[in-house]
Amino acid sequence: MDKLVIKHGAALRAKYAAAGLAKVDAALKTLVSADKKRGIETVVLDVSLASAMKPYGAAVPAKPDARALKAAIDAIATAAKPHYILLLGALDVLPMVPLVNPAYGGPGGDDDKTVPSDLPYACEAPYGTDVNRFLGPTRVVGRLPDVPGASKPDLLLQLLRASARAKPLPREAYQQSFALSAEVWQGSTRLSVNNTFGDAAPLNLAPPKGPRWAKQDLAPRMHFINCHGAAHSPEYFGQRGDAYPVAHRANLLTGKITAGTVVAAECCYGAQLYDPAESAGTQGIALSYLADGASGFFGSTTIAYGPSEGNGSADLICQYFLQRVLAGSSLGRAALEARQKFAGERTHLDPFDLKTLGQFYLLGDPALQPVGYAAHALSKTKAFKQAFAKVQDRGVRGLRRERLEREGRHLARALPPVRSKALEPAAPVERTMQMMARESDLQGEVSRLSFEIGGKGPIRRIHVLKGLAQHGTGEQRVPHVLAIVATEENGQLLHVRRVHSR
Amino acid sequence: MSEIVGKISKRLLAQGTKSEHRGMVLEDAQGLQHVLRRVGGNPFRDPELEALEGRRLRLLGRATEGFFLVERWEEAED
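Chains as they are written, first to last, in our numbering: chain A, 1 to 502; chain B, 1 to 78.
Worth flagging that the hints you see were computed from the coordinates, not collected in a lab.
Bear in mind that the values here come from a model prediction, so they are computed numbers and not experimental data.
There may be inaccurate statements among the hints.
To be verified - Distance condition first, Cα-Cα at most 16 Å in a straight line; then the derived EDC-like pairs of lysine to aspartate or glutamate:
| hint | chain 1 | residue 1 | chain 2 | residue 2 |
| --- | --- | --- | --- | --- |
| 1 | A | K113 | B | E65 |
| 2 | B | K10 | A | D242 |
| 3 | B | K7 | B | E53 |
| 4 | A | K70 | A | D130 |
| 5 | B | K10 | B | E48 |
| 6 | B | K7 | B | D28 |
Stated by the list, open to error - A partial selection of chain B residues facing chain A, derived with a Cβ cut-off under 10 Å:
| hint | residue |
| --- | --- |
| 7 | L13 |
| 8 | A14 |
| 9 | Q15 |
| 10 | T17 |
| 11 | H21 |
| 12 | A29 |
| 13 | V35 |
| 14 | L60 |
| 15 | T64 |
| 16 | L69 |
| 17 | E74 |
The beta carbon of each residue, even a glycine, is placed where N, CA and C say it ideally should be.
Generate the whole structure from the sequences, applying the supplied hints.
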């Protein structure tokens, strides 16, 4: 088995009735045939069927829950070692794991109590809701969604057929990019765009631009978006001072997206799947992109983090995803490589980076490879073609999976857990933080957070002083959160940074 | 449809995140703060909700995870 499609037949039947499920099954057959022609052996497994699950363990109950689904995926992945895992449907068909938000800030702060996440399905660790358990992803996973709350499977059928039709394109087809940023974040976005598409790539700012983009504006196949987003909202928003104009609107995308487009959106709730009935009948931007021809969308389920200048958190994981797509990775491998690179670049992940790792996920068939790789000369010889006619890329893909598994397992072992704990900073650390807070004009009520970094080795702690400061002048003066983040090792100050909120 | 009653004020919301903004909240008799959004309104800055600042109102709408979606409002007695 190369590709495993996780289907929950009972949930799909409850949602679409038997006739709708039959249509989904027919579309899945088309995908399986198309995959076979691409050298990918695809198996559709109904995890709600006891007979289908017999070799692996218990079936997932008729009303699916994340714990049972995680156990089923773990059992199948361990036994069959698929190169790709495709989760079929939205959260009312295959629920996400509700991770506890490590950056929870209560009312007025980051008020996401949980972070719905597909990350645990990409990890070998058993079910849990602590993101520290899932720091070492090893599996290539993506979710091909349907519309939450829908009674007809039309979008899912469309996406399955589009996956069956998709073919890799030359690198040049992905040369052009559409980049969109809230004006206030242009420094950060410019850096992300330069890193991913090169210095000459254009950047659109909102305001003044958006949301009525021309077809030629959106025609490039690579989209990078760094705007505001809100829960259950079909719009992204720009920002200038205290104004938040609409930058991108779901129902203005129709007929403008080029087939095979790949999107990374840093926006809060940028890839949240919600029932359109909760938003005057309009589905979210991520689903609208896919419905109009995009093949992959990498985004967040909840409130995201990033600096206004420089790069961090959401900026980085989104860049890494697009960079790997451009390098020829399949969508699912690009998502896994982005997660691994993001986690692996640090000695430890602070609570904001932990949330970032948990909240970003892939919408799309993980086996699709947007950018074809340039084959070496030997592969064009008759002998090579004969030797690999039946298995095509399978053997080399297996080697790549082996490397990714090794990397993920290493991360799982090496990255220490970071947990909130009531801790006092050591005296020299406290003195420095207080001095920096005064020099940074931190005003009003200042809150404190402390975290203990687990694992062997020196005793390390993270201390955060968070409060309000003003920036801008005159009427443009707006309060923003400023945080002094200090890392303490064995009672001494090891590292300190100042974080400005957006 | 559900309802909440209390005083409307402007607060800094989602502090320290990419979505930090000054938004409208209703504080009810129990001291709970409900983040407000209006059907069809901009979730980050909605002049119609801002015009309600300082008033004690009964809001009718739908409680959703994270915010209260306001459909209409009326004056509430003290």
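Restraint outcome when T17(B) is required to lie within 10 Å of chain A by C-beta distance: At 5 Å from the nearest chain A Cβ, T17(B) passes the 10 Å test, so the hint holds.
Straight-line alpha-carbon gap K70(A) to D130(A), limit 16 Å: Status holds; Cα separation ~14 Å.
When the least beta-carbon distance from T64(B) to chain A is tested against 10 Å, hint result: 6 Å, holds
Hint check: 10 Å Cβ-Cβ cutoff, A29(B) to chain A: Nearest chain A Cβ about 16 Å off; hint violated.
Restraint satisfaction for V35(B) [CB to CB of chain A, less than 10 Å]: 8 Å, holds
Status of the hint placing E74(B) at chain A (closest C-beta pair under 10 Å): 22 Å, violated
Hint consistency between K10(B) and E48(B) [alpha-carbon to alpha-carbon, up to 16 Å]: It holds: about 13 Å lies between the C-alpha atoms, which stays within 16 Å.
K113(A) paired with E65(B) [C-alpha distance capped at 16 Å]: 10 Å, holds
Hint check: 10 Å Cβ-Cβ cutoff, L60(B) to chain A: 17 Å, violated
Hint check, H21(B) versus chain A [nearest Cβ-Cβ separation less than 10 Å]: 7 Å, holds
Restraint status (C-alpha distance of K10(B) to D242(A) at most 16 Å): 13 Å, holds
Closest C-beta approach of A14(B) to chain A relative to 10 Å, hint status: Holds: closest Cβ of chain A sits about 6 Å from A14(B), inside 10 Å.
Figure legend: structure checked against the earlier numbered hints; hints not met, in rising order: 12, 14, 17.
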